[in-house]
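Chemist: As they're listed, the protein sequences go chains A and B. Under the numbering used here, the first residue of the first sequence is numbered 1, with each subsequent residue one higher. Under the numbering used here, the first residue of the second sequence is numbered 439, with each subsequent residue one higher.
Careful: at least some of the hints might be erroneous.
[What the hints assert, rightly or not] Distance condition first, Cα-Cα at most 25 Å in a straight line; then the derived SDA-like pairs of lysine to any residue:
hint: 1; chain 1: A; residue 1: K438; chain 2: B; residue 2: K907
hint: 2; chain 1: B; residue 1: K475; chain 2: A; residue 2: Q127
hint: 3; chain 1: A; residue 1: K266; chain 2: A; residue 2: K133
hint: 4; chain 1: B; residue 1: K463; chain 2: A; residue 2: E48
hint: 5; chain 1: A; residue 1: K133; chain 2: B; residue 2: K702
hint: 6; chain 1: A; residue 1: K438; chain 2: B; residue 2: N488
hint: 7; chain 1: B; residue 1: K559; chain 2: B; residue 2: Y574
hint: 8; chain 1: A; residue 1: K44; chain 2: B; residue 2: T727
hint: 9; chain 1: B; residue 1: K623; chain 2: A; residue 2: D406
hint: 10; chain 1: A; residue 1: K66; chain 2: B; residue 2: T770
hint: 11; chain 1: A; residue 1: K45; chain 2: B; residue 2: K623
hint: 12; chain 1: A; residue 1: K11; chain 2: B; residue 2: T770
hint: 13; chain 1: A; residue 1: K188; chain 2: B; residue 2: E673
hint: 14; chain 1: A; residue 1: K438; chain 2: B; residue 2: K517
hint: 15; chain 1: A; residue 1: K325; chain 2: B; residue 2: K517
hint: 16; chain 1: A; residue 1: K45; chain 2: B; residue 2: E673
Source of the hints: derived by calculation from the structure; they are not laboratory data.
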Amino acid sequence: MVKDQEFLEKKASYCLSLAKKLGATDSSVIVKNSISETVNFRNKKLDESNRSDDLGLSITTYIGKKKSSISSSNLLNDNLNILIEKCIETTKNTPEDEFNSLPDRDLFAKEVKDLNLYDETHIENNQKIDYLKKLEAAASNDKKIVNTESSFTQNKSNFVLANSEGFCDGYKTSSFTASSVTVAKDEKSMERDYEYSSKCFLKDLDDADELGNFAANQTIRKLSPKKIGSEKIAIIFDKRIAKGVLSTFASAISSSAISRGTSFLKDKVNQKIFSDKINVFDKPDMLKGLGSRNFDSEGVKTDTLKLVDQGILKHYLIDTYNGKKLNLKSNGRCGGTSNLYFENGNINFKDLLNSHSKSLYITETIGHGSNIVTGDYSVGATGFLIENGEFKYPINEITIAGNFKDMFQNITLANDLEFKYATNSPTMLIEGMVVAGK
Amino acid sequence: MSNFFEKSDVSRKEAESIISDTLQKCDDGELYLENSKSESILLDDNKIKNSSYNSDLGFGFRAISDEVVAYSHSNEISKNSLKQSSENLKSTLKSVKGTYNHEIPKSNKKYYDNINPIEQKSLNEKIKILNDVNDYLRSKGDKVKQVTANFLGEQKSVEIIRSGGETLSDVRPLVRFNVSVMVEKDGRKETGVYGVGGRQSYDSYLKDENWKSVCDEALRIASVNLESKPAPAGEMKVVLGPGWPAILIHEAVGHGLEGDFNRKKTSAFHNLMGQKVASEGVTIIDDGTIDNRRGSLTIDDEGTPTEKTVLIENGILKNFMQDRLNARLMKTRSTGSGRRENYRHIVLPRMRNTMMLSGKQTQEEMIKAVDKGIFAVSFGGGQVDITSGKFVFNCTEAYEIVNGKIGSPIKGATLIGDGPSILKEVSMVGNDMMMDPGIGTCGKAGQGVPVGVAQPSILIDKMTVGGTKL
């Protein structure tokens, strides 16, 4: 069982009062416990079981405008005494920074709504094994599948965030995740692909057969890929890749990148950065949402933000420190976005495929090719050639490149948004990108 | 060395008996104990942004029967918690009938000193250097708009207790010093990053104001990029500079030669042992035994002494990198490559310092041999799909080559290639092998471990460059 609120609160208040006693003018602490149980299968047999029990704490102490922090997984009071003393010592020796402070008092979250983020259900390892047996049977149906690996994880977490301004709150969350990774082989090639499902509630998890089948089909269709020539071509991002465009957008509007001047979206608030029809939301209070939260990692309340309205950037993602630097109020985004998504476009998936006589449908990218200072983008990619709305053949060993400033202006979205991850996008078409191949 | 049982309610003897009892019918397994202390001090935007300290203590208990691994970890070293872990392992491996393999090689060699780098330099001294870095770079002209610099230091003590009470231990220091600078000219912004590090004190890397050369290098890269043109798109010849560009070797062949992927036959290399996988003259080793290097280890995380493993010799595939589990199942021996990020993670076969050895040619000859291509000097990260063999890495400093001469700098671009065939495209191997500066971290299955790379300049006859200029 994960540690209860009372245990975590007791540890938190011990730290806060000790910090105060040793000379901190302010302090904040987060205490977290997380227990995960995983079973892995490979080729229809048990491969690994893994249990982890992590208890940890991190405390930040302030002396006036000086600040320092420590974290530890050893929560015995003896150890905490030594560490907090060390933290105070370091704080004293760290130079002042005028923007260091706890959040403004009126911004703290006042009520903690039940967002349905915790499922009491406990799934025993033998039940996980039953699920994975079913999944792997489905995944290895086709003879072309030569290796299957699958995994089932149950995670239960609890945390308390407290600070010297009197904020003290926290709540339990749970997640159940199943995944299937398959390898397919033919005379010419060997390919790997995957599928997974992650939910707060066990009963919402995808069916084992479906998951296994889906992963296998995804993999088999990649066999015997071709390399194509270099050209300018319309790119269609599968949903699992399209969400990455949103993640880059989120990094580029984080208040730290903005205040440091290291983002290609600096000074772009109230300017049109996307094509007309694009709307982007960050909605923290979705029931059972994988990114849902009641407050950010500083305790600041989080309201829904319409980050992009008809293509126009409306907000940065602001925390307390960078907010003070930019002369803006925190909007509860310390630690990043919650449930971030593009609103649906008004064209269906089929019509999107049909919108160009020739396009590339990308199902996987590799490499870390997003530069948020310049907006330059260049990654390795795998996918399919689309001609007249039909998937023609698989493609690999190509790169796709462009600059986000242009890419954002040339996005068309389908109307197939699903809430499968914390960050979600409908299928996305971008015109004017360059493919490098042969 | 840490005494892990000093403040615990379980004595070493009791722990040993729980371990032996749990592992008696297993093929392998151990209790891994770890105590790590780490610090991070960051200067950014003209200020000391962060000074933090982390202390982490915990154990990971592993039992292996045939191919099945049961693992349980906790950060509470107590009788209760060890017993609970033991029960967990036993419940996974219900009716096992193995024979514990007690054999583990021994060595007295050590590749770094038992020091705590965090304590060897005071906070005030570290803060002073960071401020000096900031002042130094900002004095270089108005174009310098942002400076970030940080110290990362750690000391990790590990102890491995095997069935029967055999104990192996190691204390590992690790430091890293990084500088990142952003410059701006005519509204255009570019960054340059450089760093140094390894398993010694900070001062070994920063003495005699050596931090200035780290700053100069970061600024040089940023300034070059200010003048860069869009990169070309398509297949062409590529000359790689010596040192850090060896992450090509790490991604293109290193991961594909790790034992687990080959036992599972999911690596593009699994059926190529003894075959020619690279041009003649290409020799690649993975070496954990170089003094004080970031990827070096006295023993791996299973207690096996590390070694210098020949992976590819003169073009022929010779060995995979093995941990104990994969070695046993593939009927070979561990190469001392069993590593984990920390006690929260299972052991996997991983790289240490992966190096391509020097050949005979000069970099000049290579450049001269290229009509149209690029010269890549510095890289960001890379990634590989070990099954299809396709890998990428990102240039952070590169130039075009036109008619045998180095031309203008080009914008950062991703290069993509095919692991099993790329080394056959190597047509020249330079005589200028160099180690990287000690900054690499390799990610696999969610675990990051420090690694090193090295190579001489090489000429690759055909690779796809992911630029925007057609």
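Chemist: State the violated hints by number, sorted upward, taking the hints as numbered earlier in the document.
Modeler: 2, 3, 6, 8, 10, 11, 12, 14, 15, 16
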